[in-house]
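Number of protein chains: 2
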Amino acid sequence: MSIQHAPRDLGLVAVTGLGACTRPALVSEPIDESSAAALAQVFKALGDPVRLRLVSLIGARQGGEVCVCDLTSAFALTQPTISHHLKILREAGLIDSQRRGTWVYYRLVPAALERMGELLSAAAG
Amino acid sequence: MSIQHAPRDLGLVAVTGLGACTRPALVSEPIDESSAAALAQVFKALGDPVRLRLVSLIGARQGGEVCVCDLTSAFALTQPTISHHLKILREAGLIDSQRRGTWVYYRLVPAALERMGELLSAAAG
DNA sequence: GCTCGTCATAGACAGCCATCAATACAGGCG
DNA sequence: CGCCTGTATTGATGGCTGTCTATGACGAGC
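Here the protein sequences come in this chain order: A and B.
The first sequence lines up with residues 12 to 136 when you count with our numbering.
The second sequence lines up with residues 12 to 136 when you count with our numbering.
Rather than coming from a laboratory, the hints here were simulated on the basis of the structure.
Hints should not be assumed to be uniformly reliable.
Unchecked claim - Here are the simulated distance ranges between beta carbons:
(1) Ala122/B <-> Thr89/A: 48 to 54 Å
(2) Asp43/A <-> Glu125/B: 45 to 51 Å
(3) Arg110/B <-> Gln109/A: 28 to 34 Å
To be verified - Calculated cross-link-like contacts (lysine to aspartate or glutamate; reagent style EDC-like; alpha-carbon spacing at most 16 Å):
(4) Lys55/B <-> Glu102/B
(5) Lys98/B <-> Asp59/B
(6) Lys55/B <-> Asp59/A
(7) Lys55/A <-> Asp59/B
Just so you know, even glycine gets a beta-carbon here, dropped at the ideal spot from N, CA and C.
Let's have the full structure, built from the sequences with the hints guiding it.
So, in structure tokens, the structure goes:
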């Protein structure tokens, strides 16, 4: 996963790890409570303007990697607050991090975003 | 990687695809605060297990319409609580309602779901 | 060793939110 | 009209959450 955080990303991996036909489709049939809770965690992570802008800043960056110092400087918030938001996104499986020397670099997890996107598109269809 | 951490191009990453699509793309360029707030409202609406199950129940229903009484009976929650969640989903533009006689019927707004789905899929690359 | 810079964590606190009970509103039916 | 049923709104409350300050952990370099 990332630096030395405990391996506890249940959100997406648990569900995506299943067979291709058992993915919760949100509207093909009513989802159960545990699936709803797992999916809600990811949407909740996206449900904050700061975190959305963080995702946007990371994804827009050429190379797909941004170090925390650049992210912090893009907001009128303290560094611990940004770190807190990054942790929530990371625990939702939407981003992950890698330390190189002094700096920590974050990047998106495309599979997670793609999966949520497909979920909504399928619900629309 | 340069020796010192220089203020790299934080805002210039954009403007590459000046195609016809002018919607906030989340990743083609960093989104501004107002777009982030608007999008966050929708994701926040989806970021609750009860509301996700409500969307699922409505979308899974044959005909695409569900009356509130059926939704209420699907949860161990009081009717005002369900009504509260429906209001949040409605204000996010994800569902809308129609009164027919005594009952109120809710249905999904596919365009809204599709738009959020495309947003995430595009961000996935 | 020590110090500095970068990032994460802990603790505190204010504001928000999910939930409930009580109440109000709206429509059908006597 | 009055009564009943189905929904929405109000007000209260406990828990969650976004933010801060203070501090700790890690790496680089003197």
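Hint check results:
no.	hint	in the structure
1	Ala122/B <-> Thr89/A: 48 to 54 Å	39 Å, violated
2	Asp43/A <-> Glu125/B: 45 to 51 Å	24 Å, violated
3	Arg110/B <-> Gln109/A: 28 to 34 Å	54 Å, violated
4	Lys55/B <-> Glu102/B	11 Å, holds
5	Lys98/B <-> Asp59/B	13 Å, holds
6	Lys55/B <-> Asp59/A	7 Å, holds
7	Lys55/A <-> Asp59/B	7 Å, holds
Comparing the model with each numbered hint stated earlier shows that hints 1, 2, 3 do not hold.
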